[in-house]
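Asks: Protein sequence lines correspond, in order, to chains A and B.
Positions 1 to 181 (my numbering) are the ones given, in order, by the first sequence.
Positions 182 to 355 (my numbering) are the ones given, in order, by the second sequence.
If you are wondering where the hints come from, they were derived from the structure by calculation, not from laboratory data.
Note that beta-carbon positions come from the ideal geometry of N, C-alpha and C, so glycine has one too.
Don't take every hint at face value.
Here are the simulated DMTMM-like cross-link-like pairs (lysine to aspartate or glutamate), alpha carbons at most 20 Å apart as the crow flies [unchecked claim]:
id	chain 1	residue 1	chain 2	residue 2
1	A	K177	B	E278
2	A	K34	A	D104
3	A	K2	A	E125
4	A	K59	A	E142
5	B	K294	B	E278
6	A	K59	B	E293
Computed footprint of chain B on chain A; a stretch qualifies when at least three of its residues, placed anywhere within it, have a C-beta under 8 Å from a C-beta of chain B [as the list claims (entries may be wrong)]:
id	segment
7	33-43
8	56-69
9	74-80
10	171-181
Covered stretches of chain B, going by a simulated chain A footprint (3 or more residues, C-beta under 8 Å) [unchecked claim]:
id	segment
11	256-264
12	275-284
13	325-337
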Amino acid sequence: MKRIDALRIIADTDALVVCNIGFPSRELYSIADKPTTFYMLGSMGLASSIGLGVARAQKRAVLAVDGDGSVLMNLGTLATIAHYGPSNYHLVIIDNSAYGSTGDQPTFTGRKTDLAALARAAGNEQVYTVNTEDGLRGLLRELPRGPTVIVVKTEPGNADCPVVPLTASSIKNRFMKTISQ
Amino acid sequence: MIRGVFPMPSPIDERIVAFIREAGANFACSVPDGMIAGALELIEKAGIDHVPVTREEEGVGICAGASLAGRKPVLFMQNSGLGNSINALASLTMFYEMPLLLVVAHRGTKGEKIAAQIPMGKATPMLLDTLGIRWATVARRSQLQTIRRLAREAFSKNRVRAVLFRGELWNEKN
Numbered sequence: 001m002k003r004i005d006a007l008r009i010i011a012d013t014d015a016l017v018v019c020n021i022g023f024p025s026r027e028l029y030s031i032a033d034k035p036t037t038f039y040m041l042g043s044m045g046l047a048s049s050i051g052l053g054v055a056r057a058q059k060r061a062v063l064a065v066d067g068d069g070s071v072l073m074n075l076g077t078l079a080t081i082a083h084y085g086p087s088n089y090h091l092v093i094i095d096n097s098a099y100g101s102t103g104d105q106p107t108f109t110g111r112k113t114d115l116a117a118l119a120r121a122a123g124n125e126q127v128y129t130v131n132t133e134d135g136l137r138g139l140l141r142e143l144p145r146g147p148t149v150i151v152v153k154t155e156p157g158n159a160d161c162p163v164v165p166l167t168a169s170s171i172k173n174r175f176m177k178t179i180s181q
Numbered sequence: 182m183i184r185g186v187f188p189m190p191s192p193i194d195e196r197i198v199a200f201i202r203e204a205g206a207n208f209a210c211s212v213p214d215g216m217i218a219g220a221l222e223l224i225e226k227a228g229i230d231h232v233p234v235t236r237e238e239e240g241v242g243i244c245a246g247a248s249l250a251g252r253k254p255v256l257f258m259q260n261s262g263l264g265n266s267i268n269a270l271a272s273l274t275m276f277y278e279m280p281l282l283l284v285v286a287h288r289g290t291k292g293e294k295i296a297a298q299i300p301m302g303k304a305t306p307m308l309l310d311t312l313g314i315r316w317a318t319v320a321r322r323s324q325l326q327t328i329r330r331l332a333r334e335a336f337s338k339n340r341v342r343a344v345l346f347r348g349e350l351w352n353e354k355n
């Protein structure tokens, strides 16, 4: 499974999605662009945090789609999620052990660092590791009561997708409109 | 002068929180500082959803998310945390034109006892100017209303605004 295979499954859900900067957003946009997706255009490391804010402030389920490199940049988020993550919050870490958007340089999760173990050690009780598309599909079909942390182990590699052509204001405005309806 | 380490909420802290509330704030993140400790004790009682965070940049992200769902967010922090937040403020909050009030304990100014606070104390106004964030210092009780004005501006114009507290505020003689 590559990142784009996981994103195809995520694109099938009705949840609000906050999608990490770079290739994750490019790939998700190319699979299915939806107003319920907030594409990050900057601020690497903050997908989990943005998603947490969205989840606390309204009732719909939120999937924060993050990467291993990005979570390593904001590890404190795992502790904050454990203490303040609401039941509609789900962090999906697509862990390909690489900084995919900058040339697949290896991250530490390919060697000694275990993000699921870190999430548990930070106090999270609902932590899942999935290695297969069926595993991810099953988990997202019947989302457990959150906060959950789902680590999706994938191979590195990006699909050939162009940059998200939307402006920041259009991403924000249509996402906010969807939420307020 | 720097505020003591274990302050009780004072009438000044009550006015700070009241002004923020009057401006419509209903969400907050924080990394603590002695100067803002009293206000932090009061914000939940004021009906403001409060998420303490591990690092200021994380708070910028959570506040941005809350604003997407219509909340009016405030981030409480020490000015050292401004340094930890700059990329997020520029490439998230400001780039997407989201509202955010920064309530900042401005350390490293007159009377600072910790030398390491001084470099960021000096740099803080220039950093805000460089980012294009409008700010005001609140060092006297007569300046407290500035908080409400800047908060309203942040929330109505989808901009970042900053209030810089000086320790003198809590030591001002009547």
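Asks: Against each hint, give a clear statement of whether it holds in the structure.
Replies: Going through the hints against the structure:
1. A/K177 - B/E278: Holds - the C-alpha atoms of B/E278 and A/K177 are around 15 Å apart, at most 20 Å.
2. A/K34 - A/D104: Violated, at about 27 Å.
3. A/K2 - A/E125: 27 Å, violated
4. A/K59 - A/E142: Within the cut-off at roughly 17 Å; holds.
5. B/K294 - B/E278: With Cα atoms ~37 Å apart, B/K294 and B/E278 exceed 20 Å; violated.
6. A/K59 - B/E293: 45 Å, violated
7. 33-43: holds (count 5)
8. 56-69: Our answer is that it holds, as 3 residues pass the Cβ test (under 8 Å) against chain B, meeting three.
9. 74-80: holds (count 5)
10. 171-181: holds (count 6)
11. 256-264: Violated, because only 0 residues of the segment 256-264 of chain B bring their Cβ atoms closer than 8 Å to Cβ atoms of chain A.
12. 275-284: holds (count 4)
13. 325-337: Coverage by chain A is violated here, the residue count being 0 at a Cβ distance below 8 Å.
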